[in-house]
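Participant: Residues per chain, in single letters:
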Amino acid sequence: MTLSEKDLLQMYRWMVVGRLFEEKTFELLKLGKLVGFHHPNIGQEAVDVGTCYNLRRDDTIMPTHRGKLKYLMKGVDMKTMWAGMFGRRNGSGKGVGPASHSGDNSIGLLAGVGVIGSGIPISTGAALAMKLQKKDSVALHFFGDGASNRGDFHEALNMAGVMKLPIVYVCDNNLYAMTTPLESTMAIKDIAIRAQSYGFPGVVVDGNDVLAVYGATQEAISRARAGEGPTLIECKTYRFLGHSIGDPQDYRTAEEVEFWKKKDPIRKFELYLRDKGLLDDIKIKEIYKGVSDEIEEAVQFAEISPLPTFEDALASVYAH
Amino acid sequence: MREITFAEALNEALREEMLRDERVYVIGEDVRVGYGGGAFGVTKGLLAQFGPERVIDTPISESAIAGTSVGAALWGMRPVAEIMFADFLALAMDHIANSAAKMRFAYAGEANVPIVFRTAFGAGVGAALHHSQSPEAWLVNVPGLKIIMPSTPYDAKGLLKSAIRDDNPVVFFEHKYLYSRLKGPVPEEEYVIPIGKADIKREGKDLTIIATGAMVHQALSAAEILKEEGIEAEVLDPRTLVPLDREAILMSVEKTSRVIIVHEAPTFGGFGGEIAALIAEEGFYSLDAPIKRIGAPFMPVPASPILEQIYLPKAEIIIKAAKEIMS
Amino acid sequence: MAFEVQMPNIGISIAEGTIEKWLKKEGERVEKGESLVVIMTDKVTIEIPAEVSGILLKIFSPPGSKVRVGETIALIGSPEESQEALSEKREAKLPSTIEVSASQKIKDLRISPLARRIAAEYGLDMNEVTRKYPGQKIGKEEILSFVTQKKDQEKVLEEVVKEGIKDKEEIKPLSGTLRAMAEHMALSVRTAARVTTMAEVDMTELEKLRNALKENFQKEYGTPLTFLPFVIKAMAEGIKIYPILNASLRNQEIVLHRAVNVGIAVDTGESLLVPVVKNVESKNILELSREINHLVTKAREGKLTLEDIKGGTISLTNAGVYGALLATPIIHQPQSAILWMGKVMETPVVREGKIVIRSMMYLCLSYDHRLIRGAQAVQFLQVVKKKLEDPYLLLF
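Protein chains in written order, with numbering that gives the first Met the number 0: chain A, 0 to 319; chain B, 0 to 326; chain C, 0 to 395.
In isolation and in its complexed conformation, chain A is listed as follows:
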């Protein structure tokens, strides 16, 4: 799908949303206002936007713990998202389940599981359902380099491959599984080659180039919609902050972080858009202000939102 200027600016705005959202999260976490664990996505905005832009409502995504932007892009209202992160009754998860793996099937948002890699077969199952229902919708599943070593990864991709399921596996390879570097966890350099074992294409893409990511994703989606089966997209990227808040980052050097910061995806895209005449200082300032205000408003909404009830939790165990 070709992108109009409007699309490009939209994508840029989404990246700004992603960045400011994460910064706000960090701020609120330090004030002790948020419920549960949070894993900052700063530096990986291009992956989120490139993959989630232009998805259909009936396509499904299952995000990881990293990148709340995907929820917002799939259609979760920012107020609802923040209320969920504050653990409130009217937020994602309603305080019963954590916001960071909450779901809303009406907008194709599958709830994840807190077990790294276990989501892979679940998204694969959704793709199976789509195939059985003879729909041309697609499932997108997100996972990191760490998850690609789990048994579930191999079992699920194997099944998806042999059954030709309409699924796009997106791996954000940010070179570290929590505090363990890539070379300690696998003997290969590119995770993408694993797709070969399962009979479908694996592509490597610059995870900090939002347009490159978009291109690869759309191609994979087309394949899936056409019934040609799965694709594994490996986005080479990097997270500027630690695994979660409180990570002392003893496993990497400041130089390495600096090196990747120079490849900041937002900065990259900004330059590209400035070049195309679509962005200037004023416009950028405008966008940042607009996003900042939106976030502020949503956070305030969350602060005054009602607390969850135990009855809600009890009623959420069994369907009646």
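I should point out that these hints are in silico values taken from the structure, not numbers from a laboratory.
Values in this document were obtained by computation on a predicted structure and should not be read as measured data.
All the given hints hold, so there is nothing to weed out.
Below, in silico cross-link-like pairs of lysine-lysine (DSS-like), each with a Cα-Cα straight-line distance of 30 Å or less:
id, chain 1, residue 1, chain 2, residue 2
1, B, 182, B, 204
2, B, 226, C, 139
3, C, 131, B, 254
4, B, 204, C, 136
5, A, 23, A, 260
If the Cβ cut is set under 7 Å, some of the chain A residues that face chain B in the computed set are:
id, residue
6, 96
7, 102
8, 125
9, 131
10, 157
Just so it is clear, CB atoms sit at the ideal spot from N, CA and C, and this is done for glycine as well.
Once you have looked at the hints, place chains B and C on chain A.
Facilitator: Below, chains B and C alone, put in the same frame as chain A:
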């Protein structure tokens, strides 16, 4: 009334429910062909009737079988996933206990996971260590699951139909010894049995024997012999382990004032402990004798048939225990 | 082998005790005969001496713990044994011949929960049940059999009762004055701290006096002369010295009555009435005789008024006329004392080393120990006695 085998009853249930609701599909290893339809013939004829899109063979991937069923169930399907041997539940544990059981909770009640995990359990066929276990106790402590263990063809069919229609994840334990060896009356007309209701298989006034799975039949044999000695035993089959029919159990104990609990799993840490605790807590003043539990010894299932026979709880042990508590 | 110190058998009905304190510490040397531990029972608190010398290796029962007779509470041994002692498990040994209380027995028996429940439903005394099945398991069967047996027994008793008394019973309702008396008597006993003290009185002189006067008295005044007015006068004398005998306890206050109003107990045949002779301290023998006679007649004719029976401060009963020797009379509320006269009878007594026959009578004084002390009561009675024994001054 016509009599059919345990496996045939399950087969009928699957067939009827797949006809009734096109969202129901069967998935597992060797379910298409197997040995006359699955490892035990339970899925016989389903491929021919419903086609490969509703009877799906998988690679050997218990975790993915269970995991994809969760995803499919979330996205509008009603999978009946087979884990060929209950021993392999261990491989699917993550998706049964962590994914399926908790998904509705993660959605705060806004989504359901209507799956039936069918699995063959139990010993007595010489299948040894890894194909003979009774692992229901691994799962009863997981909120969000329903757990069913029928003992007769009649119960099997009625309960499998209910399980498929239930919107919760259900683990359905089928005793492999009973598949082809147990025949029983099953009506031609459609019927369902409600989940969570126990069944008094035999009424009696002197003691209650609570038994599950194949042990129900051991209990019934024991009851026949006890009758000749003037002891009338009541045999209560919970049929559903979770949710447990507490009222039926407490009422029976109130009636007879003595209780023996029998299951095939080892006694220590077995589900019988939960039932015993329930009776001790809420039926204390009904008891005229201590509660007795009978299960297997605390060891894996031995391979040789001679050893397996010693290992398995049986009628003789029940009779001995009954006489003890009657004196 | 370490010596086991056991809770000793202190008494027949003591089955358990509580450790109050240990007089020696673990590891300390103890000599045979030295006091080792202080044990409290519900009867006594005693110090138990050590039966052997050695090191107190281990104390099993710390202060505050309940121990049964025969239970091992400590170990005494040699220093080498101290390591052993620490890892040894202790078992309570119950001697077989000790008699334990019924409540103790229940803990040892195997009573099923169902049996307990049935017992509670039938309101059975578990002591009774366990006595019937000593040392045995008690289940539903045993309880129900007990219930049936009890029912049968009760039925038999009922029959027996019905049979035996059929024609020999007459029922009278407890109403009116009878009821009032019944209630009053019970109340008095419940309320007052009643103590009765007695004195013997030598009535010989008074008898002589009366015999000398009675004929003329009757002729002159139309009233019989009894001992009563003399006794009343003597009482008044006693009260002068011990006014507490003429008092009432009212709301935590002792009310000393100035007037001595003596209630005279009169049995009318139908009931007991106590008309009051007021202000006896200011009346002489004649006046008292008249009044007593007047009141007694009224009583017997059922003509007593409320005034007649109100205001008594102390009472007097003459049961001697009926032949009674001694009694423990019940105090008439709200008074605090009642004097009772027994029969006058010729009795051999010792006077100045010789046995003589005198007319003796017992006076019984019941008093309320809440306000009257024994010494006061006894001495009051002695005053009365002395006045009666030397009665001539009472005439004035």
